[in-house]
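Participant: Assemble chain C onto chain P, guided by the hints.
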Amino acid sequence: MSKTELVKGSTEVIILSLLSEQVMYGYELAQKIENESEGFLRFREGTLYPALKKLETQGFVESYWRNSTEGPRRKYYKITNTGKKALSGLINEWTAFQRVMNKIVGVSHG
Amino acid sequence: MAKETEFTDYVRSVIEALSLNPEEKEELREELEQHLRELMTHFIEQGQSKREAMKLAKEQFGDPEQLRPEFQKSHIPSWKQYLSKEILIWLICLVAASVGPSLLINAHYTLLFIAGPLMFLIICTLLYQGVIQRIRHPFVCITMFLLLYSTFTWDMIQYHSFKRFIEEFVTFRLGGEGLAAISIIHLLWGGILLRFFNKGWRALARVSYEYWAMFIIAFYTMKAELITSSAEGQVLLLNTVLLYVFFQLMIESQIVLKIKNKIKH
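From first to last, the protein sequence lines are chains P and C.
For what it's worth, the working numbering labels the leading residue of the first sequence as 1, then goes sequentially.
For what it's worth, the working numbering labels the leading residue of the second sequence as 1, then goes sequentially.
Computed Cβ-Cβ distance ranges for the label pairs, DEER-style: (1) Val131/C / Phe40/P: 53 to 59 Å; (2) Lys50/C / Ser10/P: 30 to 36 Å; (3) Glu70/P / Phe172/C: 42 to 48 Å; (4) Thr153/C / Gly89/P: 52 to 58 Å.
With a Cα cut of at most 25 Å, we get these calculated BS3-like pairs of lysine-lysine: (5) Lys32/P / Lys58/C; (6) Lys73/C / Lys78/P; (7) Lys84/P / Lys258/C; (8) Lys199/C / Lys53/P; (9) Lys78/P / Lys199/C; (10) Lys199/C / Lys258/C; (11) Lys54/P / Lys260/C; (12) Lys258/C / Lys53/P; (13) Lys54/P / Lys258/C.
Honestly, the hints are just simulated from the structure, not real lab data.
Ideal Cβ placement from N, Cα and C applies to all residues, glycine included.
Just chain P, same shape as in the assembly (with noise of 0.2 Å):
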């Protein structure tokens, strides 16, 4: 699997753990993307706004406009309580996986 596909199957979980920390607006969100994982997540920063427009729709997070002193106006993300809810079974999910991984990747090399 490439590391595209890698982050575009963890694309929900990221965008949701990442906003449960701090309100963000999209540029600012791919930075803090690029930063946390050093790098290695590097995507087509486009992909973000239909990925943050699924999951406003899905209830997870909402949108408004904030008017800035740097600067032209810009659109903040936040996570809901549903998205909480959410982000906590993901994490649930990413944990299992996780583990279920590491435990078939460590037999077969080891």
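Facilitator: Relative to the frame of chain P, chain C by itself:
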């Protein structure tokens, strides 16, 4: 008309095929262009020329050919949003028209409470979607709003006297006229203004124009007895139009989908 920037054509090629309402499309364009400009600034700060930084920003953002289907998948076409919102508003109005008269004036239920609003809702939809909403230019909206509102206020003052108008303005009561009391009409307008408060003066001008245009058309149609001459029918007409336009402006387009998702999760 939005200001053209160095990324306008690029962003247009990503989102132009999306079937979104004009505001949604404009907001998306603004958001994407802003992201690209921040990327460009980042590359310029790293020592690239403006031309090279623009190229790199577009590359990092993604190929429009690949982005387009992703945007199309995630954004619900506007006709679907309009339709589901329209159905929801019709249901709210019909329920309100069925129970309102019994609750407010103890009226006996008749078929008029459904048949009347149903006919008024058809007219409302045609008028709102076909005419009122088509006018979007901010200065036209402001002019129309001022013209309509001052005509209505002047007419009311002529009819009641200024003192009575002020009294009506500050007295909140639900009686035989339902929501069509001067105070409640203004209260509903206040609610709409509050909802659009952070969207800027253009949005406030547009929603004020849409609200008052719908109400005033209904008001003078009622006065001229164009649709109905019965007192009950006239009250139903005003209340149906008021509720219809109020919910059109208060409910966001994706509400039905959001409710469905909320129930699912």
